[in-house]
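Enquirer: Construct all of the structure, not just a fragment, from the sequences and the given hints.
Which chain is which? The protein sequence lines are C and D, in order.
Per my numbering, the very first residue in the first sequence carries number 1; after that it's consecutive.
Per my numbering, the very first residue in the second sequence carries number 1001; after that it's consecutive.
Since the hints were made in silico from the structure, they are not lab data.
Since the structure is predicted, the reported quantities are computational estimates derived from the model, not experimental observations.
Hints should not be assumed to be uniformly reliable.
Below, simulated SDA-like cross-link-like pairs (lysine to any residue); rule was C-alpha separation at most 25 Å, straight line [unchecked claim]: (1) C:Lys162 with D:Glu1043; (2) D:Lys1164 with C:Glu83; (3) C:Lys162 with D:Gln1060; (4) D:Lys1013 with C:Lys164; (5) C:Lys13 with D:Asn1127; (6) C:Lys164 with D:Asn1127; (7) D:Lys1013 with C:Phe75; (8) D:Lys1013 with C:Asn127; (9) D:Lys1329 with D:Asn1274.
Some chain D residues near chain C, calculated using beta-carbon distances under 8 Å [as the list claims (entries may be wrong)]: (10) Pro1011; (11) Ser1015; (12) Asp1067; (13) Ser1110; (14) Ile1158.
For every residue, glycine included, the Cβ atom is placed at its ideal position computed from N, Cα and C.
Protein chains: 2
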Amino acid sequence: MPNRASVIIPPMKVSELGEFGLIDLIRSSTTQDEISGRTPRHEVLIGIGDDAAAWQGDSQIQLATTDTLVQDIHFDLDVISWEELGWKAMAVNLSDIAAMGGIPKYALLSLALPGGLDAADISRFVNGMTHVAREFGVAIVGGNVAASPNVVITMTIIGCAKGKAVLKRSTACPGEHIAITGYLGLSAAGLEMLKGKTISDAEMGDILRRAHLQPRPKVREGQILIEQGVRTAIDVSDGLIADLDHICESSKVSARIRMEQVPMHPVITANFPNYQELALCGGEDYELLFTADTATVARAKQALDCPVTVIGDMTEATLPARVTVLDSKGNTVPYRRGGWEHFRNGVPGPKFS
Amino acid sequence: MPNRASVIIPPMKVSELGEFGLIDLIRSSTTQDEISGRTPRHEVLIGIGDDAAAWQGDSQIQLATTDTLVQDIHFDLDVISWEELGWKAMAVNLSDIAAMGGIPKYALLSLALPGGLDAADISRFVNGMTHVAREFGVAIVGGNVAASPNVVITMTIIGCAKGKAVLKRSTACPGEHIAITGYLGLSAAGLEMLKGKTISDAEMGDILRRAHLQPRPKVREGQILIEQGVRTAIDVSDGLIADLDHICESSKVSARIRMEQVPMHPVITANFPNYQELALCGGEDYELLFTADTATVARAKQALDCPVTVIGDMTEATLPARVTVLDSKGNTVPYRRGGWEHFRNGVPGPKFS
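Expert: Rendered as C-alpha cells:
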C-alpha cells in the first residue's frame, strides 16, 4: 500500500456526519490522488460537487450524472404509480444535465427489485421511463437488474455540452441577480396533498400531483441559458435555500432573497398556510436557479418560454448565513436550515456530481 | 400518449419471469422506439445485451457500464471488509470494460446507506475503491449518496475502445476455439471457505479469499485480446456455462467444452469434491472467456502474461442445449443449468449491458 495521508474521521455515525459531510469525505478521499498526481485526471473539468461531472472529450465537453431513488425514502408505492416512478427516475436525472445546460444522450438503468413484484408493474415502469427518454431524445443503452429486499433505482445519464461551456455552481459573482424559472413549492405541496391534505379543485389537484410525481426537467431551458451567456445554475432539487447555498459555497459568495419576489403558484398561496416554507425549503421543483447580470437575465427572459423571476442578488461572502431572506420591509425572514438532507431528515437530497 | 404497441406480459411475478426474462422485457420495451424511429439512436453500436454499452463518439468508440451490489444478496458484511467491498465494487465494473477490450476512464458512485453505519467504514470503502481506481487509471468524478435501510452500491464506469473495435458477445463463429484466461472456480470456492469450510493451508486460504473478495479485472488482458485480433469475449461473472451460453445466444451458435481441459487451480481440486461444479457454474471469477481461430488464440497466448487455456470449440447451433460438456471419453457431463441468476437463486447475476 502506498504511504499516503489518510482522511482522519472522528468516531461518528453516517447520520451524524450528514449527507454533505459524507460527500466531503468521499471527495477528499478521491481527490487526494489527484492532488498527489497518482491518478490520471484525464481531462476532468468538473469532478465531485456539481450537478454532473464534466470532462473534455475529443471535440466536445462530456457530461455524466447518476441518481438513486430508494423505496420508502424517495418514493412510496402507495402514492406513486409504476409509470410515474419510471417517469420521475428519468426526469430527475435529466434535470441534472439540464442544470449544466447540456444535451442528454444515453441512459443506463440499474434496477434492484424484490422477486415478488408483478412483472407487469416493471413493464409500466419502463414505459414511463421510455416516455420521458423519447421526449428528450435519450437512448436507454444498458444497465443491470438484481434481486433486493426493496426497490432501488439508479439511473445514469451521459451527454455533452451544447457548445464550449457548461453551467456551473462555482461561477456566481457578487452583484449578479438571482433568477428562477417557473414556480417554487409545487412539488412539496403535491406531496402534502398525496399524504392526505384535501384539495377540492380537481384541476389544482392535478397540477400538484404532476408537480410531485411527473416533474419536467428543464433541459431545453438550460441550453437556452448557456446560449444567452449565463454561466451559473443549479436545479432546485433540495429546496431553494439549500440549492442557493450550494452555489454560495461553491462560488464563495453570499445571497440575499426578497421573499415577496419568490414566485409561488396561486394554488399554493390559496391552499397551504405554510406556503413560504414550501417555496423556500420544499425541494424537488426541478426548476433552474441561475445568476447573471441584468442584461443577461433580460436576454434569458426574452429567450425562454417559461416564467423567469428575479428573486434577489448575490453579495460578498458573509458569515454566518450565506443565504439571507428579507421581507418587504427589509427584515430578515427566519427559515429552517437545511432543506432536504439525507440521514438527517431522510428525504431526497443532492448528489455529489 | 402515442398509440404504440405494448409489450404483452402474462400475469407473473418478477421471480417467475427471472432475471433474463426481465432483461428481455426492458430491452423490448426500450428498443420498440428504436425500431419505430421515435427515439434518436444517436450512434449506438451496442445497446442492452452485452457487457457494456457502446456508441460512436466523435473520434473514438465510447463505452459505459453499470453494476449494483446489494447487501445480503451480493455481499455479507460479516464476511467482507469495507475496504474489500470498495475494491470489489470497482473491480466488477472494470471487468465489464475489460470484457469489451476497452480503456476505463471515469467512474460515478451511487451509495445508498443506513444512517447508523460508522463513517470510518465508508472511508475504508472509499479507500478500497480508490486503490483499484488508481491502479487502472480511473478518475472518480461524481455520484450521489442517499439514505437506505440496506447498503446498495451502484458504480458506473465510462471509457472508450482501445482502437476501432470492441470485444462483443455476438460475433462467435462455428469452428472457433473457446479459450479462457486464468483459472475457474476459485471465487466460488473462496465463498464456500468464507462460509465455514476449513482450508488448513494459510497461503491457499489467502488465494481463495482474494479470489472472492478482491478479484482483479482483466483490463490489460482485454486490450491485448483486441490488439491480437480477437473479436468475441465475455467476462466470467455468472459462471463458465452461463456466460458461454450468453455468447451462444448472442452469436446464434452452440459450444462444446471438454471437461478435462477446464483450468482448475490445485487448491480447488485438492480441497473441494465439487470442483467440477465450482469451475463450470461458480461465477465471479472475472476471467475473460473468448473465442477465436487457432492462429489468433496462439497469438493471444503469446502476448498475454497469464495462463490461457483452450477448453472447447464453437459449433453450429444445436437444440436443446447450447453448451455441451464432454468428459475424456466423449460422454456428456450433466450440469445444473443457470449458473448465478437473480430472482431464482438470488446470487450475483449478469447485467443487461
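Enquirer: Against the structure shown, which of the earlier numbered hints fail to hold, in ascending order?
Expert: 2, 4 and 6
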